[in-house]
Amino acid sequence: MTALRTSPVQAGQLGPAPETTPSAAIALHDVTRQFGRGKKLFTAVSQLNLEVAGGQVLGLLGPNGSGKTTTINMISGLIPPTSGTITILGMKVEARRTRRQVRQLLGTVPQETALYNELTAQANMAFHADLYRVPARDKADRIARLLDLVSLADRADSRVKTFSGGMKRRLAIARALLHDPEVIILDEPTLGVDVHARAAIWGYIRDLRDRGKTILLTTNQLEEAQELCDELAIIDHGQLVATGTPATLRRSYGATVVSLHVQTMAAPTTLGYAIEDLRRLGGVTDVTAEPAADASHVLAVATQEHAEIADIIGVTAHWCVIADVSIHETSLDEAFLSLTGRELRD
Amino acid sequence: MLRVIWGCAWKDIRSALTERSTLVQSITLPVNYLIMMSLFVLAGSHAPTAVVMYDHGPYARQFVTTMSHAASFRLETTSAAAARQQLRAGNLVAVVTIPAGFDKAVAAHQRMAIPVQVNNLDEDLTDDAHRAMRLVVTQFYAHADPGLVSIVTSEQDAYAHDTGYIPFLALSIIVIALMVSGLLQAGNAASRDWENSTIKELLLAPARSWEVLAGRMLGAFLVALPAAVVVLSVVIFVVGDHPARLALTCAASMLTLAVFVAAGNVLGTALKDRSTLAVLTRALPVPLFFLSGVFGPIGFQTGAVQGIATVLPIHYAIVLEQLGFKWFVTSTLTPATDALILAGYLAAFICLSGIALRLSRPSAARA
Numbered sequence: 001m002t003a004l005r006t007s008p009v010q011a012g013q014l015g016p017a018p019e020t021t022p023s024a025a026i027a028l029h030d031v032t033r034q035f036g037r038g039k040k041l042f043t044a045v046s047q048l049n050l051e052v053a054g055g056q057v058l059g060l061l062g063p064n065g066s067g068k069t070t071t072i073n074m075i076s077g078l079i080p081p082t083s084g085t086i087t088i089l090g091m092k093v094e095a096r097r098t099r100r101q102v103r104q105l106l107g108t109v110p111q112e113t114a115l116y117n118e119l120t121a122q123a124n125m126a127f128h129a130d131l132y133r134v135p136a137r138d139k140a141d142r143i144a145r146l147l148d149l150v151s152l153a154d155r156a157d158s159r160v161k162t163f164s165g166g167m168k169r170r171l172a173i174a175r176a177l178l179h180d181p182e183v184i185i186l187d188e189p190t191l192g193v194d195v196h197a198r199a200a201i202w203g204y205i206r207d208l209r210d211r212g213k214t215i216l217l218t219t220n221q222l223e224e225a226q227e228l229c230d231e232l233a234i235i236d237h238g239q240l241v242a243t244g245t246p247a248t249l250r251r252s253y254g255a256t257v258v259s260l261h262v263q264t265m266a267a268p269t270t271l272g273y274a275i276e277d278l279r280r281l282g283g284v285t286d287v288t289a290e291p292a293a294d295a296s297h298v299l300a301v302a303t304q305e306h307a308e309i310a311d312i313i314g315v316t317a318h319w320c321v322i323a324d325v326s327i328h329e330t331s332l333d334e335a336f337l338s339l340t341g342r343e344l345r346d
Numbered sequence: 001m002l003r004v005i006w007g008c009a010w011k012d013i014r015s016a017l018t019e020r021s022t023l024v025q026s027i028t029l030p031v032n033y034l035i036m037m038s039l040f041v042l043a044g045s046h047a048p049t050a051v052v053m054y055d056h057g058p059y060a061r062q063f064v065t066t067m068s069h070a071a072s073f074r075l076e077t078t079s080a081a082a083a084r085q086q087l088r089a090g091n092l093v094a095v096v097t098i099p100a101g102f103d104k105a106v107a108a109h110q111r112m113a114i115p116v117q118v119n120n121l122d123e124d125l126t127d128d129a130h131r132a133m134r135l136v137v138t139q140f141y142a143h144a145d146p147g148l149v150s151i152v153t154s155e156q157d158a159y160a161h162d163t164g165y166i167p168f169l170a171l172s173i174i175v176i177a178l179m180v181s182g183l184l185q186a187g188n189a190a191s192r193d194w195e196n197s198t199i200k201e202l203l204l205a206p207a208r209s210w211e212v213l214a215g216r217m218l219g220a221f222l223v224a225l226p227a228a229v230v231v232l233s234v235v236i237f238v239v240g241d242h243p244a245r246l247a248l249t250c251a252a253s254m255l256t257l258a259v260f261v262a263a264g265n266v267l268g269t270a271l272k273d274r275s276t277l278a279v280l281t282r283a284l285p286v287p288l289f290f291l292s293g294v295f296g297p298i299g300f301q302t303g304a305v306q307g308i309a310t311v312l313p314i315h316y317a318i319v320l321e322q323l324g325f326k327w328f329v330t331s332t333l334t335p336a337t338d339a340l341i342l343a344g345y346l347a348a349f350i351c352l353s354g355i356a357l358r359l360s361r362p363s364a365a366r367a
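The listed protein sequences correspond, in order, to chains A and G. Quick note on our numbering: the first sequence kicks off at 1 and runs consecutively. Quick note on our numbering: the second sequence kicks off at 1 and runs consecutively.
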């Protein structure tokens, strides 16, 4: 079973939303969120369908203002959807009867950490323990263990305002884990932290994944998404535009470019035949030829299928003398840009 | 349930203790009002007046004694030249001259004019001097020649002792103290959560909204309480107002503080900004103080003042303080009704706090 069942824009337009998979830890069905009224009506999220299976790490990717944080806020119960339903482990987030149970199951790390800067790390943890009704007998032990986990045990009695950005993020993660939530939501968990802190936070997330926790994280950093996530969902303008594993997305939404440096002095017309045959190959999306030095040319063949590379070399070798071959694999960044466009989003 | 409430309260108390300037303000602002009002009352109570005596006979001395008992003059006996100079310098409201032959004229029942020079720059003090001089003449004759003044008043007091204006107003100042500290502490606690985005920690928790609100109000109440106690102590030990009914005074003060803590909670949640709140808590008390009919029982006020005062919780709080401290009835309603209305304000502000918190969820999402 796939960890993620989604209905991207096309699917959403074609038919009804899929039924919730029984094992889905997080499920969004036809979720829309609008802000404002009249002329100021703004749709932040539109007809979003998303399911995350238990124990999976889903990365929600998107440019600034794409609707990631609104989605997270709806899942965590901070704001209700305008329409559609959201369930956590089968319980509706907004239902009066299950609302508090759902919140007990969630551990959320907001983008801005929401820590009390004027209080100590220990006091922040203790307050969270009271809010989430952590058993009193376990409270001190859990706080100590989690502060130790995020390497802040020696700063337990320091005020949070004296902490660096990385320390605050680590503390926010420790706090979110204090009540042992089943589903963890991380909004830009490594935003503004240094390389060491980022490595540490990635370590905690991997550890949580290994312990079977379901994690939903938003990020702008594609390297992070690739490192941590089992599945990715790319959202733009409030709509889901693509889903899949990082590797699938790279292959599906980017092109591998095979560059062939060919000698054409002996038979210049053969270059045209080579280009024609290459275009007939399955998976090839584009072929261009640029003249190079010494009456040679560089053929650039874009393909979406790795398996075609051998065919590309074979076809080219049939018509030309190949001097050099290089392969450029598309990155997740390029796939992301091809899906969301290249214009700046502020 | 209690754990969540106390957790929220304890968190807010610890946060508030890191903001010492706010704590100091909640004490100094009401004490300043007390000093300001006392100075205002003192400045307007006795007109500085010089007496120039060209006759030192027993009737002349009796006349000056009657003036000094009129409770309207701050008297100084001086020479004519010194009095003129003081009047020109603006240090005197009036110069009263006892002419030569005063005693003889009084004894002979002859008409006698007493020259009074008035600096009528301040109409209020000028009127005081006019009224007081007429009273002095009557009082003087009632004492010097009782046969001449046949009409006397027979006064029956509602209360055993007269109350000075400062001790009367000081009880209103207690309400202002409770108002400032309640609004400031509760408003700050609510606004701080929005400014620092920590509101998300509260809104995402599985705690009930009313538990969070109760905890927040309890925290603000406990932080504001010491400030209220300090101002109460100043009124008791410095001004000399001793509570006649201590339990009632404490109950009235706590109910009043709770009302303004709840109001501060609404204000802080609505404003979401401590600097705006600070401006409001400085600007609001004085006009509300004057509009609440603080200068006497509400029945003594004009219809307009009565109308405004009866829609403000400060009025009911002042009425209950007057009842607790002096057993004074300064309201046209029964004390129980006044207490119920104040409790109604508390309930209304608590409901508004809940509504404000619920309505502000989208703001928290955008924060």
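What the hints contain is simulated information worked out from the structure, not anything from laboratory work. Incorrect hints may have been included.
Listed below are several chain G residues computed to face chain A (Cβ distance under 8 Å; list not exhaustive) [to be verified]:
1) 2
2) 3
3) 11
4) 13
5) 55
6) 57
7) 58
8) 60
9) 62
10) 198
11) 203
12) 209
13) 243
The calculated label-pair distances, taken between Cβ atoms and stated as ranges, are [to be verified]:
14) A:91 to G:283: 24 to 32 Å
15) G:280 to A:206: 48 to 56 Å
16) A:157 to G:210: 27 to 35 Å
17) A:153 to G:245: 53 to 61 Å
18) G:279 to A:145: 24 to 32 Å
19) A:41 to G:300: 30 to 38 Å
20) A:91 to G:273: 30 to 38 Å
None of the values given here were measured: they were computed from a predicted structure. Just so it is clear, CB atoms sit at the ideal spot from N, CA and C, and this is done for glycine as well.
Going through the hints against the structure:
| no. | hint | result |
| --- | --- | --- |
| 1 | 2 | violated (10 Å) |
| 2 | 3 | holds (5 Å) |
| 3 | 11 | holds (5 Å) |
| 4 | 13 | violated (11 Å) |
| 5 | 55 | violated (74 Å) |
| 6 | 57 | violated (76 Å) |
| 7 | 58 | violated (74 Å) |
| 8 | 60 | violated (72 Å) |
| 9 | 62 | violated (70 Å) |
| 10 | 198 | holds (5 Å) |
| 11 | 203 | holds (6 Å) |
| 12 | 209 | violated (11 Å) |
| 13 | 243 | violated (37 Å) |
| 14 | A:91 to G:283: 24 to 32 Å | violated (48 Å) |
| 15 | G:280 to A:206: 48 to 56 Å | holds (50 Å) |
| 16 | A:157 to G:210: 27 to 35 Å | holds (32 Å) |
| 17 | A:153 to G:245: 53 to 61 Å | holds (55 Å) |
| 18 | G:279 to A:145: 24 to 32 Å | violated (46 Å) |
| 19 | A:41 to G:300: 30 to 38 Å | violated (56 Å) |
| 20 | A:91 to G:273: 30 to 38 Å | holds (36 Å) |
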